[in-house]
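Taking the hints into account, I'd like the entire structure generated from these sequences.
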Amino acid sequence: MTETSSLVQPIVLLVDKNDPAGHRDSIVAAAIASTSAYAKTLEPGAERDRSWEQWLSGRFTKSVRRADLKAFTKLESDEAFQHESHVVVGKAKAMAYLPSAYEDMPKSLTRLQVSGTDLPDAPLTAPSRRRSGDPIIVLNGALGMSTGKSAAQAGHALFAWQLNRGEMDGELTSIRLASTDLIIASAEEFETLQTVAASQLIVDSGLTEIDPNTATAFVIERP
Numbered sequence: 043m044t045e046t047s048s049l050v051q052p053i054v055l056l057v058d059k060n061d062p063a064g065h066r067d068s069i070v071a072a073a074i075a076s077t078s079a080y081a082k083t084l085e086p087g088a089e090r091d092r093s094w095e096q097w098l099s100g101r102f103t104k105s106v107r108r109a110d111l112k113a114f115t116k117l118e119s120d121e122a123f124q125h126e127s128h129v130v131v132g133k134a135k136a137m138a139y140l141p142s143a144y145e146d147m148p149k150s151l152t153r154l155q156v157s158g159t160d161l162p163d164a165p166l167t168a169p170s171r172r173r174s175g176d177p178i179i180v181l182n183g184a185l186g187m188s189t190g191k192s193a194a195q196a197g198h199a200l201f202a203w204q205l206n207r208g209e210m211d212g213e214l215t216s217i218r219l220a221s222t223d224l225i226i227a228s229a230e231e232f233e234t235l236q237t238v239a240a241s242q243l244i245v246d247s248g249l250t251e252i253d254p255n256t257a258t259a260f261v262i263e264r265p
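The sequence shown stops at residue 265 when you use our numbering, and every number in between is there.
Hints in this document: simulated from the structure, not taken from any laboratory.
The reader is advised that the hints may include incorrect statements.
Straight-line C-alpha distance at most 27 angstroms; calculated DSSO-like pairs for lysine-lysine [said to hold, decoys possible]:
1. LYS112 <-> LYS133
2. LYS133 <-> LYS82
3. LYS149 <-> LYS59
4. LYS59 <-> LYS112
5. LYS149 <-> LYS116
6. LYS59 <-> LYS133
7. LYS82 <-> LYS116
8. LYS149 <-> LYS112
9. LYS116 <-> LYS59
10. LYS133 <-> LYS116
What you are looking at is a predicted structure, and each value in this text was computed from that prediction instead of being measured.
Structure representation (structure tokens):
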């Protein structure tokens, strides 16, 4: 399936060459941004754009694009094409938008690169609060996925977790999203932790980086 055949949710990740954020912080920031954009529509009194329904009926396609500091700052203040969520984790910053057809995205987004997003590994900035039931994204570290690819797969897993919580839990879900944690698991850990998964296993279609039908991510909940 190409980008033009269905709606895609654009996610923009800050990639500052002079002061790069860590791989893990960037993955979590992008995943939270993607899911928070929808979770906000579940809060009391919130309105939901019709594009969400069309996107939800498809493949939840996400496009993680990288922006340097100048481009990211410009997008932050763009009143004509406003982001739905803005997330900061450590030095990492990510913004997520409404799902849209690729041809309807502004050039400020489509000209941003998807490939080549790989940031230095560093410990995850710890969530300010950790509570029972908070989501922990488990990524298949044996695959060696780039930061961009990892962010998209983590976003799929966290979104699946949010949907499993149900339509009536939007406000609580938004609070818990801010406490999202991450495990980059070995092949053995990845298989073992699946026994306590709190979301569906994400299996990639293999369009980039990895083979088709490869298991990439899921979410567990903090005990």
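Okay, the hints, checked on the actual structure:
1. Between the alpha carbons of LYS112 and LYS133 the distance comes to roughly 15 angstroms, so the proposed pair stays at or under 27 angstroms and holds.
2. Taking the CA atoms of LYS133 and LYS82, the gap is about 23 angstroms. The hint holds against a cut of 27 angstroms.
3. Note on LYS149 and LYS59: the hinted pairing holds, with a Cα-Cα distance of about 22 angstroms set against a maximum of 27 angstroms.
4. A threshold of 27 angstroms between alpha carbons decides the hint, and for LYS59 with LYS112 the separation of about 11 angstroms falls inside it, so the pair holds.
5. With a CA separation close to 13 angstroms, the supplied pair LYS149 and LYS116 stays within the 27 angstroms bound.
6. With a CA separation close to 12 angstroms, the supplied pair LYS59 and LYS133 stays within the 27 angstroms bound.
7. At roughly 24 angstroms between alpha-carbon atoms, LYS82 and LYS116 fall within 27 angstroms of each other, so this suggested pair holds.
8. A C-alpha spacing of about 15 angstroms is found between LYS149 and LYS112, which places the hinted pair at or below 27 angstroms, so the restraint holds.
9. Pair hint LYS116 plus LYS59 holds up; C-alpha atoms about 17 angstroms apart against a cutoff of 27 angstroms.
10. Between the alpha carbons of LYS133 and LYS116 the distance comes to roughly 18 angstroms, so the proposed pair stays at or under 27 angstroms and holds.
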